[in-house]
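Whole structure, please, built from the sequences with the hints as guidance.
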Amino acid sequence: MNIEQFTVIFAAMKRSELVESIKQKRSVLCVGLDTDLEKIPQHLLHDEDPMFSFNKAVIDATKDFTVAYKINTAFYEAAGISGWQSLQRTLDYIPNNIFTIADAKRGDIGNTAEQYARTFFYTYPFDSVTVAPYMGEDSVKPFLKFENKWAIVLGLTSNAGSQDFQQLQIQNGTLLYETVLKKVSEWGTAENLMFVIGATRKEQLQHVRKLLPHHFFLIPGVGTQGGDVATVCQNTLTADGGILINVSRGIIYAGNGIDFAHDIYLSAKKYQQEMSEFL
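For the sequence shown, position 177 (counting from the first letter as 1) is numbered 269 according to our numbering, and the numbering increases by one without interruption.
Just so you know, the hints here were simulated from the structure itself, not pulled from any lab data.
Careful, some of the hints might be misleading.
Claimed, not checked - DSS-like, lysine-lysine: derived pairs with alpha carbons at most 25 Å apart:
no. : residue 1 : residue 2
1   : 361       : 117
2   : 106       : 233
3   : 148       : 362
As the list claims (entries may be wrong) - Label-pair ranges, simulated between beta-carbon atoms:
no. : residue 1 : residue 2 : range
4   : 254       : 305       : 38 to 46 Å
5   : 348       : 185       : 20 to 28 Å
6   : 202       : 170       : 21 to 29 Å
7   : 215       : 129       : 32 to 40 Å
8   : 254       : 283       : 25 to 33 Å
9   : 354       : 204       : 28 to 36 Å
10  : 261       : 228       : 26 to 34 Å
11  : 298       : 203       : 35 to 43 Å
12  : 274       : 134       : 45 to 53 Å
13  : 303       : 351       : 26 to 34 Å
14  : 323       : 202       : 35 to 43 Å
All residues carry an ideal CB built from backbone N, CA and C; glycine is no exception.
If you want it as structure tokens, here you go:
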């Protein structure tokens, strides 16, 4: 079976369905399931699958407020086979009407890229996967062959190291990240390509939205990393939403006691209420 034959096996979330979810919930919240066993409530460590027990509680507490869940695969891969099993159970538990993101940041070419695409669109049927574009078109195209699946390409990040490459001037004052965004946008459409755009600088958010007026952005950096909902929404929202604001630690570690799930509920609700003011 070749890669093209995988395109119709699993249902996936279309852009129109994601937009409808945003409108119904008045939310662009994406909850990051960066589950660290050293940070979850200690009483859960006695469970058979502590990672899943924690994730299940997070999902139950946040599903009414969020339109997406982002699973950072590094936290699960580090645990070996049991981690992958926890990831599978978590993915299976997420309601079908909520968009799923494999935050795997894969970036290879040819057959290897095709296998990564099969991993996260077939073996683990996520709606989307994060991809690094450093190796060019043939590192992204295999992820765009799956109907109604999404490649979320690293565009402009907010970490200190982004200055090393992304902010370099390459010709006529053009910055490298600008060239990457424009070039990658030609490989797919606004129906199957999103971009990771960091949340911490207003002027950059405005600029990137002008460069890409129709694509969805996955925006990390809100909360503990210094970004805020108002700045992001005011500078990147489109008529149909057009963004997913990811919050991880600010929600999933909002509480650490027996009633931790209630604290998570309150934190997610607070973020959703902030977002609703702009939708």
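Each hint, compared with the structure:
no., hint, in the structure
1, 361 with 117, "holds, 11 Å"
2, 106 with 233, "holds, 18 Å"
3, 148 with 362, "holds, 20 Å"
4, 254 with 305: 38 to 46 Å, "violated, 23 Å"
5, 348 with 185: 20 to 28 Å, "holds, 22 Å"
6, 202 with 170: 21 to 29 Å, "holds, 27 Å"
7, 215 with 129: 32 to 40 Å, "violated, 24 Å"
8, 254 with 283: 25 to 33 Å, "holds, 27 Å"
9, 354 with 204: 28 to 36 Å, "violated, 44 Å"
10, 261 with 228: 26 to 34 Å, "violated, 20 Å"
11, 298 with 203: 35 to 43 Å, "holds, 40 Å"
12, 274 with 134: 45 to 53 Å, "holds, 48 Å"
13, 303 with 351: 26 to 34 Å, "violated, 45 Å"
14, 323 with 202: 35 to 43 Å, "holds, 40 Å"
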